[in-house]
Structures are given as structure tokens and as C-alpha cells.
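Chains A and B, in that order, give the protein sequences.
Here the first sequence is numbered in the working numbering, starting from 80 and rising by one per residue.
Here the second sequence is numbered in the working numbering, starting from 80 and rising by one per residue.
Calculated directly from the structure, the hints in this document are not laboratory data.
Keep in mind that the hints are not guaranteed to be accurate.
No distinction is drawn between identical chains; accordingly, a pair holds when it is met within one copy or between any pair of copies.
Capping the alpha-carbon separation at 27 Å, the derived lysine-lysine pairs in DSS-like fashion look like this [stated by the list, open to error]:
1) 121 - 102
2) 127 - 102
3) 147 - 206
4) 102 - 147
5) 147 - 246
6) 246 - 206
7) 127 - 147
Since this is a predicted model, take the numbers as computed values, not measurements.
There are 2 protein chains.
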Amino acid sequence: MEFSPLLRELIQALRCLPGVGGKSATRMAFHLLERDREGGLKLAGQLKAAMEGIQHCQDCRTFTEEEKCGICANPRRLEAGQLCVVETPGDVMAIEQTGLFAGRYFVLMGHLSPLDGIGPAELDLDKLDVLLGREPWGELILATNPTVEGDATAHYVAQMARRHHIKVSRIAHGVPVGGELEFVDGTTLSHSFSGRQPLV
Amino acid sequence: MEFSPLLRELIQALRCLPGVGGKSATRMAFHLLERDREGGLKLAGQLKAAMEGIQHCQDCRTFTEEEKCGICANPRRLEAGQLCVVETPGDVMAIEQTGLFAGRYFVLMGHLSPLDGIGPAELDLDKLDVLLGREPWGELILATNPTVEGDATAHYVAQMARRHHIKVSRIAHGVPVGGELEFVDGTTLSHSFSGRQPLV
Ligand SMILES: [Zn+2]
Ligand SMILES: [Zn+2]
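Please model the entire structure based on the sequences and the hints provided.
Shown next, in the form of C-alpha cells:
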């Protein structure tokens, strides 16, 4: 692309976005240059602000630009007495979007994975331990992923909670609502059977 | 998303990219924050540089950060004596990537579309007229799109070139190489028949 090094570099830089290959990056660059320079400039500013300004909440470790995230800074979220443990900030966002949970979170930023050198220290579980002892929690809800590592992590955190005499629950795993039984994988179906609820 | 306004704004800003909806934008934001802040910052810088720095080449109107693009600034590209007229800078890039064309370009930045108020003035055709008279062109190649507007534009430009006694050609349209005849639309197939070449 002899005609514009800046354009070549923009296309290259867009490829850092997940799922964006050479063709998509080229289409994106031309779209912004031809039709939405204002949007492109705005995106540049928001990217810089987010990459430089977003850190981890000192209480729950989710992403935030403040010392404490908006959830931890809100005293009402503590009143619920529920603490939900998740693997990533994306999990927090997904749960927040359901609008069903009014308690607090602790974000592990991963899961226990001894083979990759990720133990309790890497997940700041000592911080979770302090948090478990500090507030009068009525319930700890484990919402780690239903994977081998997620289950092992849930098991480890559950034992910590029990040492603090806190009631522990695990979110249900099973056939997705609207999903078709015959297309669900065997592991999910097993979870779905073992987690069955009595009909009342 | 009570926990981080910056994150919400980043996700919103990412949606200016073509083909990126709410789910993709969310995935992109988390990917950059969790795994590639350096790439995100680099992208922010390249976006700003491109949106602010890239303008139109004063000779051919393609995108460039210089007064003249790299192609127009290269005297060898004029020696070929060929001028290729295209609709967009993306067309220039596509043709450059074939490596088969050694001449110069003129980019219309659109096509004639009287109903949308796009006439010869909006496409800077007076500038093309000056360019046609200024250099000893051996051939003008029309590479506008094979649409009603692209064909009409090609026809108009061809008449201009003939007034300058320049030989005019149109790139071939037909069944894409590797394409299957039965899946090609009727218009393309008609072009393919009317543009047939004698076998030698
Ligand atoms: Zn927090
Ligand atoms: Zn140029």
C-alpha cells in the first residue's frame, strides 16, 4: 500500500481486535475514513482513556476507573448480604444485565489452574478471605464457569466460606432456556439431571 | 453498567465500527482490557493519526497523509501512460494488491447519481479533465463498479477522454475466477456473455 503508510498502519492496528482479520480491518478503516471520522476520533479517545484509566476495584477487583467500583461504593449493595464470586468482569456485566442480583461481587480474574502456575495467591484469595471475615454475609454465591477449573475453584472458595460459617450456593447449570435438549452437550445434560428440582 | 462508565463508553464507541454490535463491542473491550492494553493504546494512537492526518491526494484524490500520494509522487507510475479511474480508495488498494497495474489512478470518491445530487462537479471531474489534458496518456482504463451508476459514470468519463483523443477501455466483468456458473447472478452472467473473448 504505497499510497498511505498511515492507512496501512491503521489497518494493522485494527487487527488487535478479536475476530478482526485483514479484510475486516480494511473495511473498518475505509468506513471510518470515508463516512465516520468523528466516530473514529471518539473511539481513539475512549480507547486511550479506558486503556490508561481502567484498573481494578480495590474491593471486588472488577474493572473501574475509581478506587472502588460503583457497586462496591454503593452501601445498598452490601445490605443484601450476598456475595457473588465470578471469574471475570464480563461475568459481572452479564449478571448486572439480568437485574436480578442486588448484592456484591468478588472477581477472581481467572480460576485456579496449578499447571499454569495459578494458585490461590494469583487469584488474591487472601483478599477474599479478609472480605469474608469483614462483613456479615448471609450467603456466598459461586458463579464460576462450569468447567473443571471453575468447579475446582468453586470448591476451594466454598471451603473458605464455610470456615467463616457462611452459607454457600452454586448457580444452576443445565439446558439453556430456549435451547433444544438434543443439541446440548453431554456434560451440560449431566449437570442438568444432577441439578434437577422437585416440581411443587 | 454501574461499575465503570469508561468501560460503558468504550463499548459504545466501538460500535462505530461496521459490523460490530453490542455483543462484539463488549467482547472487544474486555479482550483489550484483560489481554492487550498495549494493542488498544496503539490502536488509539493510529486511529487519531489517521482520522486527523489522512486527506485526499491533490492529484488523484485517493487517501494520503501527504500532498501527493506515493503513487502520484512516483514518476515511474506516469511513464506507463495509463490512467485508471475508480470509485474509491479501496478500489485503488485492491488493484495495487494484484501488482499488475503500473500506471496512475483517478479516484472519483463515488459515482454520478443525479437523484442524490451527485453530478460531475461533486466528483471533481473538471480536475480529471485538466489531468487528461496535462499528460500524454496512452490509455484510460475505466474500473468503476458494474452497477447502473458505475456504468453511467464510466460512459460519461469515456466521452471526456475521447474529447482528448485518448484510447478508452473498461475492465472485464463476468463470472469470478473460481466461481461457479450456476450460482452467479443473471446480470453478471449477461456481462460475461456480452464480454466474451475469441479463443486463439
Ligand atoms: Zn468493586
Ligand atoms: Zn495520488
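**Asked** Can you name, in rising order, the numbers of the hints this structure does not satisfy?
**Response** Of the numbered hints, all hold.
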